[in-house]
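Student: Protein chains in written order, with our numbering: chain H, 1 to 326; chain P, 1 to 326; chain Y, 1 to 326; chain G, 1 to 326; chain F, 1 to 326; chain E, 1 to 326.
Do not take every clue at face value.
Identical copies carry no separate label here, and so any pair may be met within one copy or between two of them.
Straight-line C-alpha distance at most 30 Å; calculated BS3-like pairs for lysine-lysine [what the hints assert, rightly or not]:
1) 320 - 309
2) 320 - 27
3) 309 - 39
4) 27 - 39
5) 84 - 116
6) 53 - 39
7) 309 - 116
8) 309 - 27
9) 39 - 320
If you're looking for bench data, these hints aren't it; they were derived computationally from the structure.
6 protein chains.
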Amino acid sequence: MAPLDIPRLAVGDRVQHELLVREREDKQTKSGDPFVVLKLGNASGLIGANVWKEDVPQVQGVRPGQVVQVIGTVEVYQGRRQLKLTAPPRVVPLGNASADDFLPRIAQPVETLWAKVDSWRAEMRGALRRAVDLFFADEAFRAEFARSPGATRGHHAVVGGLLLHSCEVAEIARHSVQVMGGDVALVTAGALLHDIGKTRSYAVELAGFDYTRAGQLLGHIVLGSLMLDERLATLPEQDRLAEEQRLELHHFIQSHHGILEYGAAVRPMTLEAEILHFADQTSAKGNDFSEAVVDADLFPADDVEFSTKRSWRLERRVWKRRHRWD
Amino acid sequence: MAPLDIPRLAVGDRVQHELLVREREDKQTKSGDPFVVLKLGNASGLIGANVWKEDVPQVQGVRPGQVVQVIGTVEVYQGRRQLKLTAPPRVVPLGNASADDFLPRIAQPVETLWAKVDSWRAEMRGALRRAVDLFFADEAFRAEFARSPGATRGHHAVVGGLLLHSCEVAEIARHSVQVMGGDVALVTAGALLHDIGKTRSYAVELAGFDYTRAGQLLGHIVLGSLMLDERLATLPEQDRLAEEQRLELHHFIQSHHGILEYGAAVRPMTLEAEILHFADQTSAKGNDFSEAVVDADLFPADDVEFSTKRSWRLERRVWKRRHRWD
Amino acid sequence: MAPLDIPRLAVGDRVQHELLVREREDKQTKSGDPFVVLKLGNASGLIGANVWKEDVPQVQGVRPGQVVQVIGTVEVYQGRRQLKLTAPPRVVPLGNASADDFLPRIAQPVETLWAKVDSWRAEMRGALRRAVDLFFADEAFRAEFARSPGATRGHHAVVGGLLLHSCEVAEIARHSVQVMGGDVALVTAGALLHDIGKTRSYAVELAGFDYTRAGQLLGHIVLGSLMLDERLATLPEQDRLAEEQRLELHHFIQSHHGILEYGAAVRPMTLEAEILHFADQTSAKGNDFSEAVVDADLFPADDVEFSTKRSWRLERRVWKRRHRWD
Amino acid sequence: MAPLDIPRLAVGDRVQHELLVREREDKQTKSGDPFVVLKLGNASGLIGANVWKEDVPQVQGVRPGQVVQVIGTVEVYQGRRQLKLTAPPRVVPLGNASADDFLPRIAQPVETLWAKVDSWRAEMRGALRRAVDLFFADEAFRAEFARSPGATRGHHAVVGGLLLHSCEVAEIARHSVQVMGGDVALVTAGALLHDIGKTRSYAVELAGFDYTRAGQLLGHIVLGSLMLDERLATLPEQDRLAEEQRLELHHFIQSHHGILEYGAAVRPMTLEAEILHFADQTSAKGNDFSEAVVDADLFPADDVEFSTKRSWRLERRVWKRRHRWD
Amino acid sequence: MAPLDIPRLAVGDRVQHELLVREREDKQTKSGDPFVVLKLGNASGLIGANVWKEDVPQVQGVRPGQVVQVIGTVEVYQGRRQLKLTAPPRVVPLGNASADDFLPRIAQPVETLWAKVDSWRAEMRGALRRAVDLFFADEAFRAEFARSPGATRGHHAVVGGLLLHSCEVAEIARHSVQVMGGDVALVTAGALLHDIGKTRSYAVELAGFDYTRAGQLLGHIVLGSLMLDERLATLPEQDRLAEEQRLELHHFIQSHHGILEYGAAVRPMTLEAEILHFADQTSAKGNDFSEAVVDADLFPADDVEFSTKRSWRLERRVWKRRHRWD
Amino acid sequence: MAPLDIPRLAVGDRVQHELLVREREDKQTKSGDPFVVLKLGNASGLIGANVWKEDVPQVQGVRPGQVVQVIGTVEVYQGRRQLKLTAPPRVVPLGNASADDFLPRIAQPVETLWAKVDSWRAEMRGALRRAVDLFFADEAFRAEFARSPGATRGHHAVVGGLLLHSCEVAEIARHSVQVMGGDVALVTAGALLHDIGKTRSYAVELAGFDYTRAGQLLGHIVLGSLMLDERLATLPEQDRLAEEQRLELHHFIQSHHGILEYGAAVRPMTLEAEILHFADQTSAKGNDFSEAVVDADLFPADDVEFSTKRSWRLERRVWKRRHRWD
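Start from the sequences and build out the full structure, keeping to the hints where you can.
Tutor: Next up, the structure:
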């Protein structure tokens with residue numbers, strides 16, 4: 001059976017699918033009755049399910065991180081679609097299906113993205129290629145990188161988000177550097193490496209995305225430089241990068257947030273580092289806009305033209321153009 | 001005779017060329033002797049000439065805006081190259097040579113840039129095409145636009161700078177919109193129109209670039225919207241833009257500086273307006289970096305790796321990479 | 001029957017009046033029961049009415065924008081006065097009574113305000129008079145202007161608020177210019193024109209005040225300048241304003257918010273523009289203070305001396321002085 | 001002989017007047033020759049005089065704070081008018097002429113200003129009158145207050161500036177409070193008292209204005225409150241202000257800078273305190289504009305329309321309108 | 001019976017103790033039923049008690065500020081411990097037990113802190129000693145000072161908090177001044193005097209801590225200087241402080257917040273004032289951290305390593321280290 | 001011969017000593033004559049020497065980084081003391097005297113400071129001791145650390161400044177942690193390690209202090225973490241730090257600037273990290289104050305009480321107290 005397409009569910013639809021329990025909250029109504037709020041999801045998205053008083057025993061053993069067989073129908077509660085369960089959810093053994101299949105994930109196949117990365121790598125030469133390959137020719141790193149989100153919440157906060165974001169940044173930066181006159185291979189390396197620290201900053205767990213301890217205490221920018229030095233140290237003597245080369249790669253990582261207020265250790269000091277910064281912003285904010293216009297919290301009805309509130313990611317209201325230009 | 005290539009002048013070079021007088025300052029030494037500081041230039045750049053006490057009478061009639069025949073040699077004064085005049089400069093009648101030939105100008109031929117603009121226009125349809133053509137199919141406007149600098153000082157502050165900058169922004173925005181999923185023709189129109197107000201904000205005079213009265217009192221963003229409405233009103237009734245379309249074009253102009261602190265009337269509310277903003281930044285800051293690394297004020301000697309002071313345009317020090325990656 | 005004086009309603013008062021339905025929200029209690037929250041109002045203010053479970057059918061057809069005959073009593077719910085309906089509200093045909101009668105409105109008669117405006121116009125001469133008359137001698141514009149609020153929420157957010165605010169600004173600016181030595185007629189023109197764009201920024205609808213599409217995408221400052229140029233273009237050739245005059249009027253509009261962070265395109269560059277800015281602030285903040293000390297959200301009881309929370313309009317707590325000075 | 005009108009001096013004018021030596025700097029040219037820069041002035045303004053090498057002995061005994069008989073002619077040096085001395089300046093005994101006569105001072109007669117203050121006082125009643133009279137019915141305080149500048153440099157930085165500024169603030173605030181609906185007598189008292197601390201913050205000396213030690217270490221806002229309490233404590237028991245009254249007067253002083261960044265201890269919490277703040281700004285910035293348009297540093301020639309640089313007091317460029325409206 | 005140790009209460013514990021009613025809120029459930037939320041406390045902390053529909057009559061006469069005999073058990077409601085009352089609370093006459101005994105208070109005995117203060121005073125000589133003794137040798141002031149909290153909410157917001165905070169600041173500043181080379185006795189005096197204004201800024205009432213009118217309108221910094229001058233004026237003529245000495249003590253008070261944005265009237269201008277500022281921060285933020293790691297709102301469970309939300313006092317998340325170093 | 005005590009030189013003093021040439025500038029007077037500005041110094045400080053026209057040949061071979069025998073007398077030029085050379089300076093071979101002897105250096109003997117560091121190390125146990133010893137038990141690192149300044153200009157900008165600053169920070173933080181209740185050994189380790197990256201950020205050369213390439217591109221905070229990981233990786237497996245321990249040491253380095261605007265990657269999340277931040281500030285600003293009051297640029301004469309301009313290091317004016325307290 002095809003997986004459930006959650007964003008397309010309409011009121012009245014019947015659901016009988018395996019879903020991951022992402023959150024569970026045990027609450028009480030003002031009159032003291034217990035009820036349970038579940039968040040259920042798969043790769044396509046999330047949907048809530050409120051379980052009231054008399055049905056609470058049905059979900060007694062249900063815990064975040066479990067995959068359950070859900071039977072119910074879609075209804076509306078306080079302006080949002082939710083599932084009304086019509087039978088107790090049944091815990092399903094994961095077997096050899098990967099639990100990751102139930103996490104939200106990018107729409108693109110990762111193979112397409114890796115193909116781009118690999119074609120860019122193929123263009124690189126010498127020290128640059130060696131540095132990039134320390135990460136991107138290593139299967140273990142590729143697996144981690146492709147699984148990591150771009151953020152715990154915010155832009156690209158899905159499995160594969162880091163890979164997708166890095167590819168977008170690389171594509172945009174490559175083109176901008178061509179227009180403005182800089183080193184394409186170099187900025188591509190910067191784009192691929194700029195966020196590597198996120199693989200150690202975010203934990204991907206069945207219950208959702210969260211910061212790791214290292215992510216909390218140091219942040220992905222510092223972690224990226226620590227990872228870079230760790231791998232550079234493994235190069236055989238004769239393959240070592242020159243000190244200037246090593247510092248330039250670190251500089252991409254340390255300056256990509258542009259200004260100190262946003263976490264950069266230093267401001268970009270080269271054309272390529274400056275362009276990487278703007279490419280990073282373009283991918284991040286572009287993703288914010290694309291997701292904002294399909295976010296039912298911001299656009300609760302089809303005929304809403306201006307989001308009814310500010311997007312916390314964009315810190316402003318968003319316009320969903322309803323006219324055509326052609 | 002080929003025009004003088006000012007940036008390439010070396011100490012000891014002999015000069016015998018026509019140059020534009022860009023500035024003249026009459027000063028006195030501490031001991032009360034008069035001297036004159038001239039700034040002379042052509043399309044390739046600027047060079048100073050100090051005229052001391054006894055030679056002051058030789059430059060008596062020389063005024064900013066004149067073209068003069070200059071004879072002299074290149075020497076160094078207080079760490080900067082300057083011209084030592086060996087004969088009195090002679091004022092040259094402009095004849096049918098355009099005075100603009102002596103102003104600093106972009107290196108690219110404008111035809112190449114117009115060809116790009118016209119090919120983008122050719123892709124546009126309907127209302128979008130009509131709006132863009134109100135400006136870019138009008139020869140008078142094209143002439144003004146191609147003569148205007150991108151700023152009085154700062155990025156693209158040369159004749160043709162506005163055209164070059166607009167093309168860079170369009171190219172970058174078009175590609176970014178393709179990567180992030182938006183309307184390419186629309187963002188191209190936004191890029192071409194975003195800075196049209198600069199044609200009324202900057203005065204191009206032989207004595208240099210300056211703000212017009214309108215530029216001082218209103219700024220190029222407001223002027224752009226006033227110009228847009230002025231031309232839109234000339235469209236025949238049946239060709240008028242829908243109100244939403246008209247507002248969206250204004251929104252590109254009004255939001256392209258991104259945040260209010262930088263002069264935007266509103267923050268970008270669509271994917272395309274947001275991307276236009278970052279493309280604008282990429283072109284402007286990219287130009288700042290390209291010019292910084294060849295700026296003798298920042299890099300007074302060939303072996304200087306870090307600019308000896310902060311670039312006022314970039315508000316930071318700049319790194320001129322001296323190593324190679326390939 | 002005299003219209004209901006909503007701010008003066010006391011607990012236990014009986015209500016039998018026509019009120020406008022300003023908002024309707026359909027909700028559910030935690031135990032799943034439906035209830036409806038209505039906001040009802042007239043020119044004097046707003047009051048809520050919660051309709052519980054069993055009474056929901058009584059309000060089935062009630063929609064924002066309708067005028068309904070309301071029967072009920074005033075009670076307190078969660079610390080706020082509200083109406084308890086004792087009979088189903090009955091929709092009343094508007095007939096020839098204007099719907100505007102039910103919107104909150106300024107206490108002053110508009111005639112008094114217009115008389116001031118007209119006496120100030122009578123003092124003006126030449127180009128200044130012609131420019132101001134393009135708007136203020138036009139009955140259609142006067143009607144729009146007198147209907148517009150000063151904001152959707154915040155200072156002067158009532159029908160007639162824009163007219164009242166503009167008069168206050170003019171009165172204050174005229175006097176300040178007299179004290180500090182500037183051109184009184186000129187600053188009066190600036191005061192009358194500074195907010196004209198608000199007539200196109202705010203929509204006055206039965207369901208309340210909201211931003212128009214143009215208000216969202218451009219804001220009232222840009223709209224003001226577009227309106228000014230639109231009307232100036234209609235003057236016969238011989239009556240046209242000199243370019244400097246036209247730019248000075250635009251400069252008042254564009255600089256009246258004082259600094260870029262608050263939406264000004266440019267900072268005030270003349271004594272009169274600077275004084276207009278402070279007069280605008282004095283009227284706006286003065287109105288905020290006057291409304292704060294009678295706002296039951298800030299001063300929930302008569303003996304409260306310091307507002308129990310910060311006013312969001314003033315971003316600080318407010319003191320309601322309880323002592324006398326005389 | 002009428003005192004010299006310094007701002008009206010033209011090149012070539014002959015000077016034979018008594019002037020105060022405001023500054024003296026002993027310098028050396030690059031070639032090691034000594035020269036002296038004098039700043040000379042009277043109530044109308046300041047003018048410089050450079051004394052070169054051979055003439056240095058002529059000014060040997062001349063010191064800041066002396067009044068000297070000056071003989072010379074007006075010439076231009078490095079774009080600024082200056083005096084060329086044609087005879088050695090002769091020190092003049094002050095006799096019974098007050099040295100203050102040579103300091104820059106307000107154009108208005110102080111009697112006119114005091115008449116206003118006294119008429120406002122006459123309107124006050126009870127505790128308010130008693131508090132204001134503690135300062136403004138005391139001749140010693142009036143003398144200090146009328147001698148104090150409004151700042152050491154910046155707005156109203158002339159003898160009498162504090163009195164003039166306080167009257168402007170009072171006039172503006174009184175009118176604004178009338179428009180917006182507050183207590184006129186109260187805000188007048190606030191206006192008169194708000195800057196009393198400046199009498200202890202600024203030292204008026206023949207060599208110019210400077211901060212006192214107390215002005216440096218505490219600032220005029222704190223000093224104002226200390227002075228208020230000091231005098232309030234002298235009232236007989238039965239005349240004491242109520243605690244609320246005393247606090248409200250302090251609140252005017254402490255909040256008149258509006259926000260903490262500008263030195264307010266608290267933000268204004270009443271309508272009257274808020275209006276006092278804007279009136280203070282209007283007077284200060286209004287004075288800045290009036291002085292900017294006659295400042296030869298900003299407008300070095302008659303046909304300069306936009307100041308050639310930013311005014312440090314206004315932090316922007318200033319427009320000197322050259323067109324007429326009537 | 002030993003007082004109840006509220007922070008150590010575990011679910012299921014039985015309570016039968018006297019507690020102070022700190023807050024009472026009368027609410028209604030969505031279905032219209034009344035309920036009451038009580039906050040009960042003693043010197044060790046606070047705990048909530050929800051009283052539902054049928055039990056509301058039991059708490060009818062209970063008011064904030066009363067001491068009541070409470071009987072009940074500890075349970076969990078919406079993730080927080082609360083008391084479930086099993087009998088109606090009975091109001092207890094205060095008798096000769098001080099009401100203060102029920103307010104939260106510092107853990108240290110005040111005698112220990114006073115002993116420190118007095119030993120530091122014993123080291124001081126001359127004018128410094130006289131100034132400090134005006135406050136700290138006065139029993140009435142000592143009583144007020146020892147009762148005052150350090151804030152109404154935030155750091156040291158407990159009875160005795162001001163005394164504890166002042167001692168911490170003194171200890172830290174004394175040591176830092178020793179390391180950096182300044183005047184130890186002087187900075188000690190500054191530390192003891194810097195927050196004296198808080199005794200007039202905060203009201204300690206049975207219902208909790210709140211700002212006084214003076215605290216709202218002026219703040220503790222201004223109040224501190226007013227108190228200092230008030231007492232200095234009582235010194236006999238021959239014991240008066242020199243003007244410089246007096247100003248330096250005021251300067252400590254006025255500059256201790258470091259920058260104007262945080263309420264300082266001036267920035268610290270001496271080594272000792274600067275060090276006092278950092279000592280003040282160290283004590284305040286140190287207290288914030290110490291309380292954050294035991295705050296169940298931030299760390300709702302024992303195994304939570306990073307606070308689940310930002311501390312509003314520290315404006316960041318907090319780490320509770322769970323590893324050992326030894 | 002004892003080295004010259006430069007700060008104590010008085011006008012008229014005769015100099016015949018070896019000094020290091022720190023800077024040389026070749027300039028021209030307005031009349032075209034060449035002159036040379038030398039900066040000469042030793043461990044005690046710096047003094048300038050202007051060499052005029054006819055004497056320029058005497059200094060022809062003199063270059064920064066050379067030690068020269070200087071003969072001359074002290075005079076005043078443009079308000080500053082300078083050397084007037086009375087004989088040509090003679091270049092002195094360095095021989096086995098260390099060139100470092102001529103650089104400005106801390107007054108304290110390094111042995112005293114190392115003794116403190118070593119006694120603190122002796123208190124540490126286990127992983128903490130191992131981590132600290134990786135640096136501070138390594139003679140090569142100690143030599144680098146003791147030679148490094150605390151900044152290129154600003155606080156502790158002398159040889160040995162880093163060691164002195166680190167000791168001050170440790171002393172202050174240890175005491176503050178004792179007062180506020182934290183882990184003394186841990187914060188000591190944080191203090192010793194927080195600035196280790198400065199050894200790779202600053203270059204100590206005879207011509208003065210400058211940033212290294214790594215210091216420019218990454219800054220000392222990132223470099224510190226890279227150095228820490230580099231050395232931690234050398235520990236034998238069984239001695240490795242637990243991951244939490246390693247992250248906590250990095251957290252000290254990354255958070256010690258307190259807020260992102262000042263270069264911290266993250267804000268301090270523990271009591272010890274917060275206290276380290278304030279101790280760092282106390283040492284830095286304390287040093288700024290101590291040096292400000294003896295800086296002749298700020299206090300050009302003995303009787304100057306307030307610095308005549310703002311200290312750029314403290315961004316404010318400084319008070320040099322002239323009264324006594326005892």
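Student: Does each hint hold? Answer for all of them.
Tutor: Verification of the hints:
1. 320 - 309: within (13 Å within a copy, 32 Å between copies)
2. 320 - 27: This pair counts as between: shortest inter-copy Cα distance 27 Å, intra-copy 36 Å.
3. 309 - 39: both (23 Å within a copy, 20 Å between copies)
4. 27 - 39: both (14 Å within a copy, 21 Å between copies)
5. 84 - 116: neither (43 Å within a copy, 57 Å between copies)
6. 53 - 39: Cα proximity of residue 53 and residue 39: in one copy and across copies (17 Å, 28 Å).
7. 309 - 116: neither (38 Å within a copy, 39 Å between copies)
8. 309 - 27: both (27 Å within a copy, 19 Å between copies)
9. 39 - 320: Classified as both: same-chain Cα gap 27 Å, cross-chain 28 Å, threshold 30 Å.
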